[in-house]
Structure formats: structure tokens, C-alpha cells
Amino acid sequence: MQNANLRMKSAASQVTTILVTLLGLLVLTFVIGRMMPADPVRAMVGEDATRETYEMVYHQLGLDRPIWEQFLRYLGDVVTGDFGTSIRTGQPVMQDILHALPATIELATFAILIGAGLGIPLGVTAAVNKDRWPDHIIRVFSLFGHSMPIFWTGMIALIVFYAHLGWVGGSGRMEQFYIGMVDERTGFLLIDSLLAGEPDVFWSAINHLILPAALLGYSSSAYITRMTRSFMLDQLGQEYMTTARVKGLSRGQTIWLHAFGNIRVQLVTIIALAYGSLLEGAVLIETVFAWPGFGQYLTNNLITGDMNAVMTCVLIVGVIFIALNLLSDLLYRTFDPRTK
Amino acid sequence: MTVKDTDMPRVSSGMPTSLIAMRNILAYLMRSPTSAFGVIALGLLILIAAFAPLIATHDPYAQDLVNTLQPPSAAHFFGTDELGRDIFSRLVWGSRISLTIIFLVSIIVGPLGMIVGTTAGYMGGRLDTVMMRVTDIFLSFPSLILSLAFVAALGPSLNNAIIAIALTAWPPIARLARAETMTLRQADYIAAARLQGASSLRIIVKSIAPMCLPSVLIRLTLNMATVILTAAGLGFLGLGAQPPLPEWGAMIATGRRYMIDSWWLVTFPGLAILTVSLAFNLLGDGLRDALDPKQMNRR
Numbered sequence: 001m002q003n004a005n006l007r008m009k010s011a012a013s014q015v016t017t018i019l020v021t022l023l024g025l026l027v028l029t030f031v032i033g034r035m036m037p038a039d040p041v042r043a044m045v046g047e048d049a050t051r052e053t054y055e056m057v058y059h060q061l062g063l064d065r066p067i068w069e070q071f072l073r074y075l076g077d078v079v080t081g082d083f084g085t086s087i088r089t090g091q092p093v094m095q096d097i098l099h100a101l102p103a104t105i106e107l108a109t110f111a112i113l114i115g116a117g118l119g120i121p122l123g124v125t126a127a128v129n130k131d132r133w134p135d136h137i138i139r140v141f142s143l144f145g146h147s148m149p150i151f152w153t154g155m156i157a158l159i160v161f162y163a164h165l166g167w168v169g170g171s172g173r174m175e176q177f178y179i180g181m182v183d184e185r186t187g188f189l190l191i192d193s194l195l196a197g198e199p200d201v202f203w204s205a206i207n208h209l210i211l212p213a214a215l216l217g218y219s220s221s222a223y224i225t226r227m228t229r230s231f232m233l234d235q236l237g238q239e240y241m242t243t244a245r246v247k248g249l250s251r252g253q254t255i256w257l258h259a260f261g262n263i264r265v266q267l268v269t270i271i272a273l274a275y276g277s278l279l280e281g282a283v284l285i286e287t288v289f290a291w292p293g294f295g296q297y298l299t300n301n302l303i304t305g306d307m308n309a310v311m312t313c314v315l316i317v318g319v320i321f322i323a324l325n326l327l328s329d330l331l332y333r334t335f336d337p338r339t340k
Numbered sequence: 001m002t003v004k005d006t007d008m009p010r011v012s013s014g015m016p017t018s019l020i021a022m023r024n025i026l027a028y029l030m031r032s033p034t035s036a037f038g039v040i041a042l043g044l045l046i047l048i049a050a051f052a053p054l055i056a057t058h059d060p061y062a063q064d065l066v067n068t069l070q071p072p073s074a075a076h077f078f079g080t081d082e083l084g085r086d087i088f089s090r091l092v093w094g095s096r097i098s099l100t101i102i103f104l105v106s107i108i109v110g111p112l113g114m115i116v117g118t119t120a121g122y123m124g125g126r127l128d129t130v131m132m133r134v135t136d137i138f139l140s141f142p143s144l145i146l147s148l149a150f151v152a153a154l155g156p157s158l159n160n161a162i163i164a165i166a167l168t169a170w171p172p173i174a175r176l177a178r179a180e181t182m183t184l185r186q187a188d189y190i191a192a193a194r195l196q197g198a199s200s201l202r203i204i205v206k207s208i209a210p211m212c213l214p215s216v217l218i219r220l221t222l223n224m225a226t227v228i229l230t231a232a233g234l235g236f237l238g239l240g241a242q243p244p245l246p247e248w249g250a251m252i253a254t255g256r257r258y259m260i261d262s263w264w265l266v267t268f269p270g271l272a273i274l275t276v277s278l279a280f281n282l283l284g285d286g287l288r289d290a291l292d293p294k295q296m297n298r299r
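First to last, the protein sequences are chains A and B.
Count the first sequence with the numbering used here and you get residues 1 to 340, in order.
Count the second sequence with the numbering used here and you get residues 1 to 299, in order.
Hints listed in this document are in silico derivations from the structure and should not be mistaken for laboratory results.
One should not assume that every hint holds.
What the hints assert, rightly or not - Derived DEER-like restraints, expressed as beta-carbon distance ranges:
1) B:123 - A:73: 30 to 36 Å
2) A:332 - B:186: 26 to 32 Å
3) A:79 - B:123: 32 to 38 Å
4) B:123 - A:329: 23 to 29 Å
5) B:65 - A:163: 22 to 28 Å
6) B:242 - A:195: 44 to 50 Å
7) A:82 - B:41: 47 to 53 Å
Don't be surprised by glycine CBs; every beta carbon is placed ideally from N, CA and C.
Required output: the full structure, derived from the provided sequences and hints.
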């Protein structure tokens, strides 16, 4: 009974924390939006507008109201799902973003699969061989991935694997030739092409996806490797490991069944967080690979100074981050028996 | 047995303890080849920046429209760019920009993080909650995205990029300083200072801040690789240093148009960024080991 009460209380405080953080996010994006040197009214009415038109739009936008009133208005708009219209595309910002997001999710999902597939075995190997040469090599390899400017690695990879070797497709999500051949149903090209029964488009998409996803995955594997190594070191130092060996289990069994089994929950939370930080790399890699996703949408709007769109993008990244944090927290609570 | 001051082991007299500690840490770092690489590469960076006029073979801004897009040769070690400028010399001068970014970001982020962290940690209560909530909000963005937003609002330039990076880099420092302060708050010497009538401000500045300084400095070093990469990314997106400044990220951005035929335009600036950020990461990795007491005992 008391336990249930406690849990209710902690859930309530968590909800409050999230709401406060969300409100803070909105304040931040609002403030950044107001800081801009560009005049939003001028951008809308054009250079030649008369003073009357200017005043009218100025009034319509509510810019003559006190700042807190403007903020409440912004808050109201966001709550009702109105994020404004993009000046560049003339479409509602949210619609643009929802259109661009699947391409990024497709990229990031492949990247995290590669990152985790690379990072976890490397981390375990490094931990098992602590301070011996595999550990050192893995450390340098993963720090390398963490240190490379990903936009540059992307270009070098394009020069080598696309221009010289011709192993992979170039920029974009598929060959120019295929664009428009597949109806957009989910926005995920791999799924759409299969639904449409177009294996050629599917393979073209894979061919274009593999290079940017591999680079993003490599850069995120650094974090996953480091965390896996440190979690494993914690486990390997425990006495139950010795007990298991004394009982006659093989070294491989103790490592993979006992120690690794215990860190799975922690790993899931780490991977959820790594997925969020992939968004950052996606902004740069999408620019290099002309990938029509969220990152490219954001940078295009940055360059044209379309603040409505920029602020909404930033807000969405913030919300995704909070959601992933929450998710990793929930996963931890659900799967770790100690938190019950 | 009573331990008197004279019983304490004296390593060497005449040298302040902080200097001895520095020397020991450096000696430890040089023992491992990876962190030694970090120390040497960063030392070289500082030397190159300091003696840039002597090392550079050409004027970094001098255009030579007869010799555009020349491959690397004896006359131009790293080739020339689309305006015939010597890439090697531009990289050498660009090291000054990188060091400026590192220096300015550090002197903004360090004090800002310290002020927020120590105040929140020492005062506690509602002020602490509010300040940490604000910190969490900043932490809930990937640093590049938030810097992008700030630069978009402030307008693209090198100075604004530095401000934007600094605005996104302080939260981890604040968290660290707060955690340190929380452990110090109950210490006897703080209580003694309070009994003597010292104000909160005085205690924070005189008694707490100096104790937080070493770990803050280390954390700053650990963050520098990210700062370098974010600055380069902003430069690449055209939101940081503006041409003709020889900033490495911006050089890659302009070289991008010619990259298929003239690989040297993007390759060398990228290698420079990679080397510096790798050096910081390796140094940070070594520092973490050197200062981790758990690791020390195991050795």
C-alpha cells in the first residue's frame, strides 16, 4: 500500500519534471527566436512595403504586445499544434518536418544498428583484455571514430568509395532515375519500395544508405564501446565471476552469460541515448550526402534565416531527447529487478 | 602515534605542491604512447600557432590566379586552393583560430559553469532546484543543434560561433562544480569560515571555488574535442568563421566543390581537425586514468 503510494508520488514528480523541462524548452526557443537580428515583418512584407502595411503586419503578428503576452500566444499556438508556416516553402512547418523525418529515422536506425553491432563486441573484448594490446587498439580505434569531423569523413568516403571505387551510390536516397517511381506511403523508402514491389528501388536505397549509416554508426560506436567496456569491467571484478569459474563454467560462458547478461539493461539505456545524439551527426552528414531528411531541412532553413522552421526543429530535437531519456529511464525501471 | 607535519613525506622542497602534481601527471601521461601523442600534438599546435609567421611559406590570403588548384609539390606542400592560396600556410595560420576558439570558450565556460554550479551547490534549496532545472534544459539538446540555433539567431560569424558554443558547453561544468560543492559544503573548514562570519559569497569565492578548480579544468580539457568539432561543423555549414579566414571547417566547405578532382583541398584541413580533436580525446582519456584513484590502486 505504502509502496504503491510512493510509486505514485515518484511518477507524479517525474511528470512535473518533464512538464517543467518542456516549458523551459519553449522559453528557450522563444528567446532564441526573439534574439534574431533579422526583422520577421520585413521578411514577410518585403522591402518595398508601405509603412501602413508594415504596421499592420507588425500588429497582426502581435509584436506590439508585451513580451509575456507574446510568449503566452506562442505557447497557445504550440499546444494547439500550430508551429507557423515556413517562409521558404510556404507550407506549415510541422508538415515539412513530418515529411523529412522518416528519411532521418531510416538513416539513424541503420546507423545505431551498425554502431551497437560494432561497439558492444569491441567493448566486451576491450574489457576482457584490459590493458593488453586488444584494449589499446580498440581504444584508439573508437576514439578515432569519436574524433573525426563527420562531414569531412563523409566527403573522403564519397571520393574513395563512390568516385574512385564505385562500390556505393552517391548522394541522395536513391538513383535519380528511380525518383518518383515509388508512391510515398510511410515515407520510409525501404518499406515503401517493398510495398510497391520494386526490388530495384530497394537495392538502390540500400546502396545509398550504407555509407552515411556506416559513418554515423562508427562515430556513435565510440560511446557505446567505452560504456560497454566500463560496465563489463565492473562485472568482471565481482566475486560471483570467480565463483562461476570455480563451479566449472568456461571463461566464455562466464563472460557472455553471467557478466554480459547483467549489463544488458544498462546497454539498452546507453543505446537509447546514443540514438539521440545521432541526430547531431545527421545534421552534418545529411548536408554532405544531400540526404533529404530532418538535418538538411534544418540547415537549409538556417541559411535562409527561416526562424519559424529553425525553432520548431530545435524544439523537436529537444522533445526527442527528453523522450529518449525518459524511455531509457523506463526501460531501466522495467528490466532492472533492483528498482522494483 | 601522532602525525606531525614534519612526518609527512616531502617529495621536494621549494616547489609548490600543485607544480609537483602537474609534473607527476605529465610524467604519467608520457608513459602511455596514446596520451603522449595527445600531449605532443597539442604542444606542436601551440608552437605552430605561436610561430605561424615563421613556419608559413606563403601569405595565407595572397591569391595567385595563375597557380590555382595545384596539387601538393615542393613549392606548395599541401597544394593550392581555387584562388591559388597556399593551403599549408592557411592551415598554419588557421591553428591560431583554433586556439582562439579553445581559449575563449574555456574562459567563458569555466567561470560561468563554476558560478552556476558552486552557487547552486552551496545555497541549496529552491535556488539549487531552479538552477539545475535550467541546466537540464540546456543539457537536453545535442550541443551542435543548440549552437546552430544560437548562431542562427545571432548571425553567422566567428565571434558568434564562439558565444554559441560557450552557451551550450557550460552545463556539464556546472553539474560537476555543483557535485564538488555538495561534498565540500559539510566540511569543517567551511563551517569554521561561516562561524567567523564570512558571507556566502566570500565562502564560495575563497573556500569552495579553488577546490573545484582542478576537476573543472580537467573536464574542460575533456570537452575540448567536442568544442573543436562543433566549431569546425559550424564553419563547414557557413555559420562560423567566414571566408577568407583560414578556419579549417570553412576551408573544407569551400573545398567541397572541387573535391572530386582536387582532393587536397578538403583532405589536409580535415586531417588537421582530426589530429587536434584526436589529441584532445587521447589526452583526456589519459587524464581520466591518471586522476582516477580507483585505477591508481589497481596498478
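For each hint, the structure was consulted:
no., hint, verdict
1, B:123 - A:73: 30 to 36 Å, "holds (35 Å)"
2, A:332 - B:186: 26 to 32 Å, "holds (30 Å)"
3, A:79 - B:123: 32 to 38 Å, "holds (34 Å)"
4, B:123 - A:329: 23 to 29 Å, "holds (28 Å)"
5, B:65 - A:163: 22 to 28 Å, "holds (27 Å)"
6, B:242 - A:195: 44 to 50 Å, "holds (46 Å)"
7, A:82 - B:41: 47 to 53 Å, "holds (51 Å)"
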